[in-house]
Every structure is written in C-alpha cells, then in structure tokens.
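Taken in sequence, the protein lines are chains A and B. Heads up: the first sequence is residues 1 to 270, going by the numbering used here. Heads up: the second sequence is residues 271 to 556, going by the numbering used here.
Think of the hints as simulated: they come from the structure by calculation, not from any bench. None of the values given here were measured: they were computed from a predicted structure. All C-beta atoms in this analysis are idealised placements derived from N, C-alpha and C, irrespective of residue type, glycine included. Among the hints, a few may not be true.
Unchecked claim - Pair by pair, the computed Cβ-Cβ distance ranges are:
| # | chain 1 | residue 1 | chain 2 | residue 2 | range |
| --- | --- | --- | --- | --- | --- |
| 1 | A | Ser108 | B | Ala358 | 18 to 28 Å |
| 2 | B | Phe296 | A | Ser108 | 23 to 33 Å |
| 3 | A | Ala89 | B | Ala395 | 32 to 42 Å |
| 4 | A | Arg27 | B | Met542 | 53 to 63 Å |
| 5 | A | Leu123 | B | Asp293 | 35 to 45 Å |
To be verified - Restricting the straight-line Cα-Cα distance to at most 30 Å, the calculated cross-link-like pairs of lysine-lysine (DSBU-like) are:
| # | chain 1 | residue 1 | chain 2 | residue 2 |
| --- | --- | --- | --- | --- |
| 6 | B | Lys415 | A | Lys263 |
| 7 | B | Lys415 | B | Lys462 |
| 8 | A | Lys171 | A | Lys110 |
| 9 | A | Lys190 | B | Lys415 |
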Amino acid sequence: MAATKPVGARAPLATTSWGRTGRVSARSTNVIRVCFVLGAAIIWESLSRSGLLFRDVVPSLVAIVASMGKLLVNPAFYANLQVTAWEVAASLAIGGVAGIVVGIVLGSNKFLARAYEPYVYYLAPTPRIIFFPVMIMWFGVGIASKIALGALSCFFTIALSTAAGMRGIDKVLIRVGRTFRATPWQMATKIYLPAMSAPVLNGVRLGFGTAVITALLAETKLSNQGLGFMVMQIYARFDMPTLYGLLAIVFLIAGLGNLLLGKIAGGART
Amino acid sequence: MSNVANASTVTTVAAPKPQLVIDKVFKRFGDGPGAVVAVDQVSFDVRPGEFVAVIGPSGCGKSTLFNIIGGLLDDYSGDVLCEGDRVAGPHPAIGMVFQEESTFPWRNVLDNVAFPLELRGVGKAERLERAHHFIDLVGLGGFEKRMPSELSGGMRQRVSIARTLVSQPHILLMDEPFAALDEQTRLLLGDKITQIQQDLKQTTLLITHNLTEAVQLSDRIVVMTYRPGRVKRTVSIDLPRPRTSDVVSSAAFGKYVAEIWADLREEASRGMADAEGRTRGAAPRG
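Can you build the whole structure from these sequences, using the hints too?
Below is the structure:
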C-alpha cells in the first residue's frame with residue numbers, strides 16, 4: 001500500500017513534464033544559449049567596470065566591439081586572413097588527398113593495413129608542433145613551413161577516417177554491384193564513393209580543425225604574416241581590446257568553416 | 271505431375287527445356303581434416319516459368335548453392351548451366367535478391383530501382399519510366415522519392431526485389447528474402463511474389479528454410495539434407511493457381527507441410543544435435 005501510493009502519484013507528473021520538454025525543447029535550448037551569452041557578457045562587463053582587475057586585462061565590451069569594427073576595415077587584417085586561409089586550404093588539400101589515398105589503400109588491403117596502420121594510429125595523436133623546427137629548416141620561415149605542418153597534422157585524421165569508412169562499407173552492397181555486373185569504374189563511383197562519402201567528409205571536417213589549429217599555432221611561433229602573427233603583434237603592443245576582437249573574429253571564422261563542412265557531411269549522409 | 275519431377279520432362283511432350291540446370295555441383299571449404307563439404311553432388315533443374323524452392327536446415331549449404339548459382343563463388347565442381355552457359359561469374363540472365371538489407375541508403379526508391387539500368391547506360395527518361403513500372407508492380411507506388419531509411423524492412427526488401435526485376439532477369443534467384451520479416455508481412459509479401467511471378471511468368475529459384483513460405487509459393491520443392499548438403503527429395507506442389515496466402519488454411523497445404531516436415535525434421539535435428547555438440551566442445555567430426 002505504502003509502495004504503490006508514491007508510484008501512482010509520481011506517474012502523471014512524470015508524463016506531463018516529459019510532454020512539456022518534448023514540445024518546447026528547441027525553443028528552450030535557444031533561450032538557454034542566448035541567456036548564456038548575455039550572462040557571460042554581463043559578468044565580463046561588470047568585471048571590467050568594477051576596477052577589481054587591470055582595465056587592460058579585461059577591457060570593456062564596448063572597446064572590444066569598437067576594435068573589431070576597426071579590424072574589419074583594416075587592410076592588414078584581410079592580408080593576414082588571406083595568408084592564413086591559403087595556408088589552411090593548401091594544408092587541407094595536400095593532407096586531404098594524401099590521407100584519402102592512404103586511407104583507401106589501408107582500408108582495401110588487409111595486409112598493408114596490418115603492417116602500417118599501427119604507425120598511423122600511434123602517430124596520429126602526437127603533437128605535430130614539435131616538428132615545426134624541422135619544417136622551418138626544410139621549407140623556411142614563410143608560408144611553406146606552415147602548409148607542410150598543417151598537411152602533416154590533418155593527414156592522419158583523414159587517413160584513419162577514410163580507412164574506417166572503406167572498411168565500414170556494407171559488403172552486401174558490393175555483392176549487389178557485382179551481380180549487376182558493374183565495371184570497376186562503376187563500382188568505384190556508384191558504390192564505394194557514395195558509401196564512403198559520409199565518413200570521409202567527417203574526417204575532412206576534423207582535419208580542417210587540426211589544420212586551423214596547426215597553422216595558427218605555427219604562425220604565433222615564428223612567422224611574418226598570418227592571423228597568428230597578427231595576434232602576437234597586437235599582444236606585443238599590449239592592445240588588449242584589439243587582441244580580444246581578433247580572437248573573437250578567428251573563433252567565428254573557424255566556427256563557420258566547421259559548420260559549413262558539417263552541413264556538407266550531413267547532406268552526404270542522408 | 272508426379273512427385274518425381276524429372277520423369278515428367280520425359281513423358282510430357284510439351285515440357286519445355288530446363289532454363290537452369292544444376293548438375294552434380296560439389297563444393298568443399300578448406301583442406302585436410304578440417305575441410306567441410308558444403309554442397310555434395312546436388313542436381314536439379316528449373317523449367318521456364320517455374321517457381322522452385324530449395325529448402326533445408328541451417329548448415330545444409332543453401333547459401334553456398336545460392337552463391338554458386340549467382341556466380342559469386344565460381345570455384346566449384348560440377349555444372350550450373352544457365353540457358354546452356356556454364357555459370358562462372360555473375361550471369362546476365364540471373365538476377366539475385368539477397369537476404370540482407372541491400373538497398374543503397376544514399377539513393378531514393380526510384381534511383382535504387384533504376385540502378386541496374388543506369389549501369390547499362392539506359393537513357394534517363396526510359397530508365398525512370400521502367401523503374402516506375404516495377405515500383406508499382408511491388409506495390410510501392412507513391413514512395414519513389416522516399417529514402418530507404420524512411421521505409422519499413424518489408425518495403426525495403428520490396429525495393430530490392432523491384433531493383434532486381436527491373437533488370438529483367440530470365441531467372442530470379444532469391445536467398446531468404448523475407449528472413450528478417452515477421453510472419454504476417456512474410457505471408458502478404460508472398461502474395462505479392464506469387465502475383466508478380468504469375469504476371470511476368472518469372473522463372474524463380476527461392477532459397478529458404480521456411481516451410482510455409484516454400485509450400486505457399488512453389489511449384490516444386492527441393493529438400494536438402496544437413497551437412498553435407500545433398501538433395502534428399504523433390505516434391506511437386508499441386509496446389510491450384512492463382513494462389514493467395516489463403517491457401518495456408520487448406521487441407522492440401524497442411525498435408526504438404528506435414529509431408530515435407532517429416533523429411534526436414536530428421537535433417538534439422540541432426541543439425542541441432544551437431545550444433546549442441548560443438549557448443550559442448552565434444553562434437554564427433556563428420
């Protein structure tokens with residue numbers, strides 16, 4: 001008797017609360033997100049105005065937004081953005097093509113996979129920035145060394161996800177292609193490629209992330225152009241509002257790039 | 271019309287030449303003491319327009335036989351003759367439907383069904399028109415633009431069947447196409463298959479372990495033994511056509527099921543005993 005009563009009392013409550021979250025969840029997550037941003041802005045601004053910290057370390061949002069505006073009309077910003085974008089694009093192209101080719105080879109050949117995949121696997125999580133001095137010696141302090149390092153870093157991610165995608169192809173689909181007597185070219189373009197496109201694009205998306213991180217990191221270490229270089233230049237001047245403004249812009253660009261690749265990958269999946 | 275199928279080929283004047291001949295087909299996997307004979311001297315044939323089912327317990331080499339006839343396993347001895355050609359590699363006259371989920375998840379129903387025509391370079395307009403026809407035939411009209419993920423298992427299997435039929439195979443070869451479906455869906459899809467087979471006069475060879483399905487659909491049933499897979503008996507099913515799933519409640523249907531089950535039970539129990547023995551780790555070989 002004592003055991004049934006609370007259960008009976010709880011059940012209708014549980015259903016109504018489930019129903020409510022189900023109905024308004026999309027709107028409420030947006031509300032929570034906006035509240036989070038607003039809350040962070042309010043805390044930041046009050047910290048900045050409280051005088052508890054150095055004004056330069058936590059500059060007012062007004063100053064940051066103003067400096068963002070100035071950056072967006074500054075030709076030097078666009079010149080540096082172009083350099084970094086080019087580095088990331090070239091890294092992704094080189095590392096991507098190499099990664100997809102190696103991934104297909106590892107994914108289709110059991111013997112080679114057993115022999116070489118451990119190397120790819122264990123090298124993948126090592127921090128590539130330690131190879132930066134080597135790359136500088138090989139390719140100089142300019143763009144080439146950043147591209148080489150970026151390509152190296154996204155290669156592993158893309159190779160591993162391509163190999164996994166290749167192995168993940170449903171074998172029965174390959175048999176279907178064989179029974180309809182598809183030519184090798186038709187097998188590649190109409191079965192292997194579409195079946196693999198989702199994991200490969202997902203790998204490219206992760207590779208994009210590593211390429212951006214590596215390019216910017218390398219630019220902050222040793223360079224004479226690029227957004228990473230610009231960050232260090234601004235830091236050297238101790239121009240905090242501009243520094244925060246630039247960081248915010250870099251975040252936005254990287255986020256948008258990721259979103260775009262995610263959309264493409266999502267489109268391929270369905 | 272006798273139980274001994276081959277006899278009728280000789281006596282009936284109008285009996286057409288068999289379209290598919292399986293002649294002393296033998297397949298062994300592995301060598302030495304660990305070798306397993308999957309298919310042992312299997313012989314039977316399928317005449318034009320006929321629906322033949324091969325039935326046997328799990329482990330009787332049905333799937334091996336399916337792969338051999340479909341040309342996916344060309345290292346076998348004996349002969350599989352499709353319209354006189356020895357099958358080695360997928361034969362253009364044979365269309366296969368697999369047991370597994372085999373629709374392309376990135377193509378909608380229409381493009382899935384049009385796939386074989388696309389491979390042959392058939393023009394887009396004609397391709398889509400023919401695909402539409404076979405989609406209607408399997409009862410999926412109106413679902414052309416749906417993705418496989420939006421369909422039920424039974425609907426997806428019908429997409430696979432339409433995809434094979436659109437290539438207009440002379441012989442339709444199916445490996446337990448309804449194995450993953452529930453009993454009601456299976457009976458209803460059986461009706462669909464019967465109707466399609468009658469409309470197209472489609473020569474069909476069905477591999478199955480389901481007794482009711484075999485009796486419901488077939489003109490003839492080839493019963494196989496448990497390992498090594500041999501032909502135990504061939505039974506002609508003289509149930510009236512056109513047939514529907516209502517036939518399962520008739521007395522004649524029950525008689526056939528009982529008769530074939532008597533044969534099948536022995537084989538299935540051997541298979542079960544063997545499997546249990548292997549699980550205990552004390553299975554006598556052979």
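Hints and how they fare:
no.	hint	verdict
1	A:Ser108 x B:Ala358: 18 to 28 Å	holds (24 Å)
2	B:Phe296 x A:Ser108: 23 to 33 Å	holds (32 Å)
3	A:Ala89 x B:Ala395: 32 to 42 Å	holds (40 Å)
4	A:Arg27 x B:Met542: 53 to 63 Å	holds (57 Å)
5	A:Leu123 x B:Asp293: 35 to 45 Å	violated (56 Å)
6	B:Lys415 x A:Lys263	holds (21 Å)
7	B:Lys415 x B:Lys462	holds (22 Å)
8	A:Lys171 x A:Lys110	holds (15 Å)
9	A:Lys190 x B:Lys415	holds (19 Å)
In this structure, only the earlier hint numbered 5 is contradicted, and the remaining ones agree with it.
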